[in-house]
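Sequence order for the protein chains is H and Z. No gaps in the numbering here: position 64 of the first sequence is 64 in our numbering, and each next residue is one more. No gaps in the numbering here: position 54 of the second sequence is 54 in our numbering, and each next residue is one more.
Keep in mind the hints are simulated off the structure, nothing from the lab.
Straight-line Cα separation of at most 20 Å, EDC-like style, residue types lysine to aspartate or glutamate; simulated pairs:
(1) Lys78/H / Glu142/H
(2) Lys110/H / Glu87/H
(3) Lys44/Z / Asp21/H
(4) Lys149/H / Glu137/H
(5) Lys78/H / Glu137/H
(6) Lys52/Z / Asp21/H
Each pair of labels, with its calculated beta carbon distance range:
(7) Glu142/H / Thr205/Z: 45 to 55 Å
(8) Val81/Z / Trp31/H: 15 to 25 Å
(9) Leu24/Z / Asn126/H: 52 to 62 Å
(10) Lys52/Z / Leu40/H: 28 to 38 Å
(11) Val172/Z / Gly151/H: 42 to 52 Å
Partner residues are not named here, just some residues of chain H that face chain Z (Cβ under 8 Å, in silico):
(12) Thr38
(13) Gly39
(14) Ala41
(15) Phe42
(16) Leu43
(17) Trp44
(18) Thr46
Yeah, the Cβ is synthetic: ideal placement off N, Cα and C, and Gly gets one too.
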Amino acid sequence: MEEKAKKEELPVLMRRRTFLDYCIGGGVTAWAVLTAYTGLAFLWPTKSSTTEEGSEGTTIALSEIPVGNASKISYKGKPTIVVHTQEGVFALSAICPHLGCLVNWHPDEKQIACPCHAAKFDLRGNVLGGPSPGPLESYKAEIINDQIKIG
Amino acid sequence: MEEKESKKDEKKSLAARTSFREILNLLTLTGFVYGPLDERLSIKEALEKNLKKPVPHHVNFSFCLGGMTFFLFLVQAFTGVLLLMYYRATTAEAYKSVVHITNNVPFGWLFRDIHHWASNLMIVTVFLHMLRVFFYGAYKPPRDFNWVTGVVLLTLTLTFGFTGYLLPWNQVSYWATTVGTEVPSAMPIFGNLLKILIRGGADVTQVTLTRFFAIHVAILPPVISAVLGMHFIMIRKQGISGPL
Numbered sequence: 001m002e003e004k005a006k007k008e009e010l011p012v013l014m015r016r017r018t019f020l021d022y023c024i025g026g027g028v029t030a031w032a033v034l035t036a037y038t039g040l041a042f043l044w045p046t047k048s049s050t051t052e053e054g055s056e057g058t059t060i061a062l063s064e065i066p067v068g069n070a071s072k073i074s075y076k077g078k079p080t081i082v083v084h085t086q087e088g089v090f091a092l093s094a095i096c097p098h099l100g101c102l103v104n105w106h107p108d109e110k111q112i113a114c115p116c117h118a119a120k121f122d123l124r125g126n127v128l129g130g131p132s133p134g135p136l137e138s139y140k141a142e143i144i145n146d147q148i149k150i151g
Numbered sequence: 001m002e003e004k005e006s007k008k009d010e011k012k013s014l015a016a017r018t019s020f021r022e023i024l025n026l027l028t029l030t031g032f033v034y035g036p037l038d039e040r041l042s043i044k045e046a047l048e049k050n051l052k053k054p055v056p057h058h059v060n061f062s063f064c065l066g067g068m069t070f071f072l073f074l075v076q077a078f079t080g081v082l083l084l085m086y087y088r089a090t091t092a093e094a095y096k097s098v099v100h101i102t103n104n105v106p107f108g109w110l111f112r113d114i115h116h117w118a119s120n121l122m123i124v125t126v127f128l129h130m131l132r133v134f135f136y137g138a139y140k141p142p143r144d145f146n147w148v149t150g151v152v153l154l155t156l157t158l159t160f161g162f163t164g165y166l167l168p169w170n171q172v173s174y175w176a177t178t179v180g181t182e183v184p185s186a187m188p189i190f191g192n193l194l195k196i197l198i199r200g201g202a203d204v205t206q207v208t209l210t211r212f213f214a215i216h217v218a219i220l221p222p223v224i225s226a227v228l229g230m231h232f233i234m235i236r237k238q239g240i241s242g243p244l
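If we strip away everything but chain Z, and leave its shape as in the complex, we get:
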């Protein structure tokens, strides 16, 4: 009799452990999303359809370059928001605040370096992604409009890089912007007007810094997010392009 009862206790403890595991399981994403959230929104089927979508056999590593670019974009958004907390966009304070971020703010060096390197890497991956699409002929109809949004995204990414380069307001960024904004002045008729419009004056000044800062942190992020949305919706709609 006594033996039986002790056995019962053992079983109970096992059951208790199992329910503990169920609680743990609920804390995981699938546990919650497929559990209480699915009961209310019937989200499971749609999610599984997207997550377990079979990938064609010809898909290789080069098909990941677009996704890598998007990942780097998210990294840029995160580190950029953090840098924005300390950066001051004035000619007197910009360089000081960047030095302050690098030397005094905890992990400031880390987030600034990540922002710097991820931006360079993003240019690399976006170009490699474009080359992949080109050599696979994935730009051909019906995907030609997605090539167009891709070119827009390339331009936006380069504009991000160009405007961000000025923000530390050091010698290299000042002169790079001077040279870079000089480029459109080579165009006949509109060239000089365009240069003055970009610089906000004849020279690279505080106005230019404010302009580039506004473009970099306020204008480009929502614009690129919208175009990224179009880019991705078209990919989902049209599927992955065929083999070589």
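Chain H on its own, in the form it takes in the complex:
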């Protein structure tokens, strides 16, 4: 008698239909998650296009950049401009702090300028004019034998 009463008091935790609904919902969710995961993994850029190389420096052949010229390379996975002048070699971030365009070396004016809004920088990255809110990041660069070593 007591047992029966207890049984009646047991709350209905879940109806069979609700349970089945949850199973279907869970299955659909699992399917959606797996599809989204494989789809995103597929779309995510592969390593070769996003690698951030280790902290050890990059070297390029001196002959690649004659005196007075500049070259853009990837250093630590970021665009970097290397300028070779009579005063030596300079390596700076090529990303303009204003709006992120890639800066160019202008040998006639002997300054670095951004093609988008004419921000101007000297070889140490200091702002000479234009809208840039800050200097270009400057990296250590030196000539070792026939190589330019950055970092």
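Let chain H serve as the given structure and place chain Z on it in line with the hints.
Below, chain Z alone, put in the same frame as chain H:
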């Protein structure tokens, strides 16, 4: 007194659990669609009418072939869009990009294989669907116009298969397209002109690849979607055909 209060707490926790379940329920499709969405759009009645439409007793598995074809079409659309993110439609790069998808892109092999197999299966199901409609006499009036849209869909599906076959730009696809585009040249008068029009020149070249790529990814998808829409509207309007 104390006992009573503890009991009250128990009840409260149960109520809290129930409201938690209500939130969970809201997250399910019926919970949301029949809840807040229905309040604003009165969508429930129309949905129930469509979802709970009784199916005639004579309906069997063979009546699912059209739906299976449509499902495979959706699979093709999804995997095709993904493949499009890496595929490059030039004679120099097409095969390289396909190899890159297969070997380097995460799950690229999976999506390429699904696209390949689903396309083959789609041809199979579309033919079986056509046979079912034929042997049930479901093409007879008033459903004769739907047979016409069905034939158009069959042609579009085959064109999808034919144009897609060239895209990997390997030996088998190159020669299959050479042979396949040679077929219309057997027609008198227009044959050769048609062949040159399809190929965009005398031979299968970059022009052909660009043409087939454009047809496969830009022209056919909207066209087949429109014809599928007509096909489905007519089915809803006319209902499922009768037994044998």
